[in-house]
Amino acid sequence: MPGRQLTSAEYARLAGSGALIEAEWAPCRSACPVHADVRAYLDLIGRGKFREALDVIREVLPFPGACGRICHHPCEQDCRRNDVDQPAAIRDLKRFVTERDYPEGQKFRKPVQDRAPVAVVGAGPSGLTAALDLAKLGYRPTVFDRSAAGGGLLYSAVPAYRLPRKVLQADVDAILAQGVELKLGVEVGGALTIDALRSQGFKAVVIAVGLSRSRGLPIPGADAQGVELALPFLASADSSGPRFAGKSVVVVGGGNVAVDVARTAIRLGAVRVQMACLENEKEQPAWAWERHEAAEEEVATLHRLGPKRIVVRDGRVAGIEFKAVTAVFDEQGRFSPKYDESKLTTLDCDVVIFAIGQESDLSLARGTDVKVDERGRLVFDRNTARTSAQDVFACGEVVTGPGSAVEAVASGHRAARAVHQFLTGAPINLAESLPPKVEKIAPATVNRLLKATRAAMPTVGAAERRRNFAEFELGLDEAAAMQEARRCMSCASGPFVLTDKCAACLTCRRVCPFEIPEVKEIADISSALCQGCGICASECPANAIVMASYGPDAVQKEVGAALAVLRPDRLRIVVFSCGHHAPATRWGGSEAARPAAVAKEIYLPSMSRLSAADILAAFEAGADGVAILECTSGACRYPTVDQRLRRRVDLARQLLVEAGIDGARLSLAVGGAGDPAAASKAVAQVAERAARQTHKHG
Amino acid sequence: MSKFRDALASGKFTFTGEIGPPKGTNVGPVIEEAVHYLKDCCAAVNVTDIQTAVMRMSSLAACRMLVEHGVEPVLQMVTRDRNRLALQSDLLGAAALGIENVLALTGDHTTMGDHKEAKPVYDLDSVGLLQAMRKLESGTDLGRTMKGEPNALDGTPRFFKGCVVTPCAEEVEPQIIKLEKKVAAGAEFVQTQAVYDPKAFEKFMKSIQHIKVPVLVGIVLLKNAGMAKYMNANVPGVVVPKDIVKRLADADKKEVKKVSVQIAGELIRDMKGMCQGAHIMPLGWDKEIPNVIAASGA
Amino acid sequence: MIVADRKPLEEILKHVAGCGRILVLGCGGCVTVCASGGDRQAEHLAAQLRLAAKGQGRAVEVTVKTPTRQCDREFLEPLRADIGPADAVISLACGVGVQLLAEVFEAKPVYPALNTTFMGAHTGPGTWTENCRGCGQCVLAETAGVCPVARCAKSLVNGACGGTNKGKCEVSKEIDCAWYLIYKRLKARGDLSFLRAEREPLDWGKSSSGIRRTLVHPELTDTVPASAPAAPKS
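Chains as they are written, first to last, in the numbering used here: chain A, 106 to 803; chain B, 2 to 299; chain C, 24 to 257.
Misleading hints may appear alongside valid ones.
[To be verified] Below, in silico cross-link-like pairs of lysine to any residue (SDA-like), each with a Cα-Cα straight-line distance of 20 Å or less:
#	chain 1	residue 1	chain 2	residue 2
1	C	K30	A	G765
2	C	K196	B	G114
3	C	K30	C	A40
4	C	K77	A	P673
Please keep in mind that the hints were generated in silico from the structure rather than gathered at the bench.
Quick caveat, the model's predicted, so the values are computed rather than measured.
Given only the sequences and the hints, what does the whole structure look like? Please build it.
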């Protein structure tokens with residue numbers, strides 16, 4: 106984006122408003138259906154602020170646990186690290202923060218709810234999201250679902266080896282804790298009609314019934330014993346025991362549900378599981394990584410097969426015959442399979458499971474003013490998220506068609522907004538103008554960036570995992586997660602130049618490890634190239650560079666907060682530590698070794714942003730000593746930071762000594778952040794010197 | 002009047018020596034040594050001017066004392082410490098005191114000496130100083146009257162004007178160009194920086210064949226191998242060949258002075274066919290100058 | 024660009040010892056570019072002043088402002104409100120700015136925080152080097168763009184002295200011999216005639232060694248507006 110330039114007056118007006126960081130979005134955020142602020146939460150994870158990271162996620166995503174496991178992560182597909190090495194493991198990091206035990210617990214604030222009651226039908230991701238949003242806005246939502254648990258298809262159709270039930274339940278519980286009422290085992294459309302809901306006082310209804318019914322195929326033999334449908338199969342699978350022991354299973358379908366079915370069938374003891382789909386390998390809609398995992402578990406996939414008939418013997422399935430598929434889509438790309446009836450393939454099997462798509466159950470609309478069209482779909486205006494009844498809205502797969510959980514959540518947000526606008530008498534307008542996405546990173550800059558290998562998700566081996574429904578991905582540990590979070594390129598978090606202050610001195614250009622600033626009349630720092638390290642902002646002699654992601658006083662504020670928790674009558678040591686190695690300041694795992702009474706750590710994403718002025722300010726604010734724990738040389742993703750930091754510390758020390766402060770009250774432990782013993786020692790030494798000079802004690 | 006000029010004019014191989022005035026008023030010993038050891042074997046004796054920017058008694062005063070003791074001085078004059086007013090004034094003074102030989106030098110920078118805080122003047126450079134002398138000789142000076150006309154001197158001096166050159170500089174062409182300019186500005190004799198390599202000197206002398214002023218090759222007595230190495234490392238344009246360093250290093254402690262004198266003598270012997278004289282810088286070993294000359298066979 | 028260097032704090036403190044309110048003024052001009060007197064350096068100084076006062080058990084109120092530059096009155100006038108309540112003003116401008124500030128706010132003590140050193144260019148990371156001495160008689164045309172006045176330790180005009188040593192100055196092995204550079208450049212151009220020409224001594228009267236110099240562009244001097252009333256006769 107050209108013109109990341111502001112006057113000081115404009116900056117003063119916009120600072121703290123979020124306008125600068127929102128000026129452009131990172132591609133991950135643009136790609137995310139709910140526009141989760143990935144850059145922000147990865148930054149927090151990298152600094153050890155896991156709880157804060159989870160809060161950022163929860164702002165837009167009420168299913169962090171579920172999505173941390175099963176999200177199709179379009180964020181990662183668009184991650185600009187793809188151009189450098191591999192994308193940041195965003196989904197795995199999301200999972201990581203949901204798995205922590207937070208000392209403060211998972212406390213949720215129940216909002217003040219003094220607005221109208223709203224009924225939501227369906228407790229899947231879209232319905233619960235809509236309900237949660239409405240609760241936060243002060244409405245009193247009640248969610249009705251005929252199932253025994255919340256979560257919709259996440260509960261009934263996503264296998265436990267991908268999404269453990271307790272993880273989903275935790276997400277649902279969090280939603281309920283925030284003012285959403287859930288009534289399970291209640292079918293709307295039976296005894297409880299939409300009109301009945303109205304008469305019970307619900308001022309609006311949100312239909313979020315999803316696609317709850319599996320489609321079958323009316324081919325000969327489809328009624329034989331041993332023919333099953335995906336959704337009922339999946340719903341009962343993990344509690345059904347090894348019922349396929351010794352059996353051979355053919356799964357018809359090539360989508361993600363089909364893959365789930367196939368992998369579930371393996372876990373039920375099937376000796377052989379084959380997936381047969383119309384599409385060829387390229388066309389197959391299931392996510393590549395899930396297909397890969399299925400293959401690891403010895404699920405075979407057969408392409409270009411169209412089911413012709415079930416081979417039945419004694420009323421039981423004995424096999425399935427397929428005709429060859431010559432094309433799946435027509436010239437316009439529409440689904441329109443063509444077959445060659447002369448080429449037939451028969452697969453012997455004991456079980457056939459159809460996983461060829463789902464449809465919605467709209468029986469609740471029958472006999473109401475909520476109209477259904479001739480093709481059996483809800484009459485729905487996507488611009489207003491409204492059905493044909495003005496107080497009835499809809500969201501989720503029932504209106505969007507098959508999609509992912511996060512897309513359903515996005516749809517739920519829209520419905521909630523529509524309901525809110527409707528109930529406040531405003532015209533319904535769901536149009537959103539999103540910030541532009543930061544441009545692709547130029548190859549010249551890519552070549553300057555340090556490569557960093559993506560953290561591999563530890564998994565249970567295929568041979569073992571195919572025997573049970575235990576979660577097969579094990580999650581990242583803390584060190585791996587923090588390291589991985591630091592791979593985020595902080596897209597679009599870079600600086601703005603203050604036009605009235607910039608003296609075109611070229612310092613930014615000269616200190617930038619990536620040679621990104623261009624200085625013509627004044628500095629111009631491309632957001633598409635900037636890596637957000639903040640070195641330039643911390644060196645600019647004119648103070649003319651401001652970061653979009655943090656204010657010039659950000660470090661000083663953290664210092665203030667750190668000092669506030671320390672007793673002023675005792676020594677107060679501020680410890681700046683590279684967030685890269687935040688765990689190191691657990692003082693080697695030995696809390697006893699930590700000079701807890703006197704020291705408070707501040708984790709920075711990189712020491713790049715710690716300026717000499719920040720160090721002076723810490724002393725001004727009342728710190729008796731400052732210890733800086735630099736990460737192991739070369740560990741920072743920004744080149745030159747270690748040398749730059751050393752020079753800043755030298756400058757700060759020189760300025761402090763001039764002002765009459767013992768230079769030993771400022772120390773820099775090189776490698777300290779990665780070396781708990783060195784960190785402890787550095788802090789202790791600073792404390793000792795400070796005690797001598799200030800006559801204060803721990 | 003200058004015997005030095007006459008000696009060179011006679012075509013005889015001519016020696017000059019060098020003394021440094023004291024840091025203090027005790028000028029007796031140095032004058033005595035000059036009279037004792039240099040008077041007879043040297044046509045003239047250079048008197049250094051606040052050499053290496055280490056403050057000492059004025060060269061002019063010491064020169065006058067030599068005159069009084071019958072030794073012909075060469076007044077060394079650096080442009081570092083005096084502006085054109087003071088330089089011209091001192092030149093007139095020198096002439097009045099019977100000092101005719103003047104060697105124009107720029108002078109080591111103040112920061113090399115013992116008064117690093119001193120303001121370096123360098124109003125003129127060595128070429129400018131030669132120009133100034135020529136002006137004075139022509140009866141005027143570097144200034145102008147209120148009307149913008151040349152000033153007229155009441156009585157004009159006469160100098161035997163000299164300059165220096167570094168023959169073994171690693172980049173010799175600029176040295177030659179500057180020498181040409183000095184000669185064009187009026188230099189009548191040349192004393193060189195120390196030379197230890199006759200072959201290199203021969204090459205240099207060939208390259209200045211077109212410059213028709215007498216050249217006295219510079220000879221600095223090497224007091225030991227350490228000094229030779231130091232000069233190689235630190236003194237611009239001075240190269241002491243390895244074999245000389247080795248001779249000094251191998252010499253018995255008692256014999257070093259003898260070896261040093263021998264080396265200097267041999268150097269003069271080897272180079273006397275190439276130039277018109279030798280300027281011997283004894284660095285305190287004034288007594289050895291006659292021995293050096295004897296060793297040179299001249 | 025004018026290059027300047029921070030004075031030791033001790034020297035600055037001597038002047039403002041008794042002051043309760045200090046205005047620290049950075050300068051957005053040359054000294055920002057050479058990172059000695061910009062807003063950032065002004066803040067560093069302000070922090071030092073506060074810390075030093077705190078160390079002595081005193082409180083001092085230090086404000087930082089950085090005008091576009093201090094060498095023009097128009098940029099100083101808007102500071103009047105900030106300067107008013109200050110007991111002292113510390114300027115991080117070059118000597119030009121400090122003097123103008125002292126002139127515009129005559130009643131206010133103004134102290135320099137920098138030593139103004141030279142006119143120079145950025146010659147390496149964090150490094151500025153003198154290139155011009157304002158001699159008032161530029162000779163660069165003859166010296167291949169290398170100034171012997173500023174860059175030769177002796178400001179020689181006729182070529183290197185005997186101290187030139189492997190391309191370096193006798194004063195320091197870190198400093199290039201200007202005349203060596205001139206020679207090399209002229210040689211590369213194949214024309215040493217400028218080097219051969221015997222040069223007259225410089226006219227130091229035109230230089231900074233002379234009297235205070237003034238530049239006047241007649242076309243920019245004040246004119247009386249046509250509509251202005253004639254000055255009253257006294």
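**OP:** Please write out, lowest number first, the hints stated earlier that are contradicted by the structure.
**Re:** none
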